Amino acid sequence: ANMNAANGDTGMAGTIVQNNQNVILGIHSGVSGTDAPRVEYNDTNSVGGISTVGTQLSTNNYTGIVEWDQVTYGGGDTAVLTITDPDLNQDNGLLETYSNATSGTFKVTCLNSDGTEQYCVNASTIKIVEDGADSGTFIASFAVPSYIEDTSTLSSTIGNNMRATYYDSNDVSGGAVSILSSASISSN
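Okay, so the sequence shown: first residue is -14 according to our numbering, each after it adds one.
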């Protein structure tokens, strides 16, 4: 799991303790070279002398990937959206869930022919769910609407593009970026 200041993980006091088991090290962003975490310990060698043994390992940040399972959908088809980003996995023991447009993590919208963006799916109906503990892969499936918010009194979505926007708060460079992926909606 990753520590993330956006989720309130800022205080690490008392986290690193000697308990004869595991050491947990909280690192906010990817680090390498001399800044990378290094573990050293003293070991008695075969002639009774003390040798310092150590290792150092760089940490990683990842840039998320956003994918649709198809490039074109018809109204009423089932769309599958996959967001892959190990940094989004905040607790390796849980299957985490994020909601469309409410979590600050992702949103699904439609772009009409003049490029106007609008919510075409009721925001609360799409949730991405991690597909396994500690996987970093999140999947959502939902019915592609034929009308804005699936309400026939609103405009048709046929001819629009669905766009998924993923707000990656900690990409490979340690910065925040928006990652976009689109799929078109056509008639059946």
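Take these hints with a grain of salt, some might be off.
Said to hold, decoys possible - Pair ranges (Cβ atoms, derived):
#1 117 - 159: 25 to 33 Å
#2 27 - 159: 56 to 64 Å
#3 89 - 63: 20 to 28 Å
#4 171 - 39: 57 to 65 Å
#5 35 - 162: 28 to 36 Å
#6 119 - 54: 21 to 29 Å
By construction, these hints were calculated from the structure, which means they are not laboratory data. Note that the coordinates shown come from a computational prediction; the quantities given were computed from them, not determined experimentally. Quick reminder that beta carbons are idealized off the backbone N, C-alpha and C, glycines included.
List, from low to high, the hint numbers that the structure doesn't satisfy.
Hints 2 and 5 not satisfied by this model.
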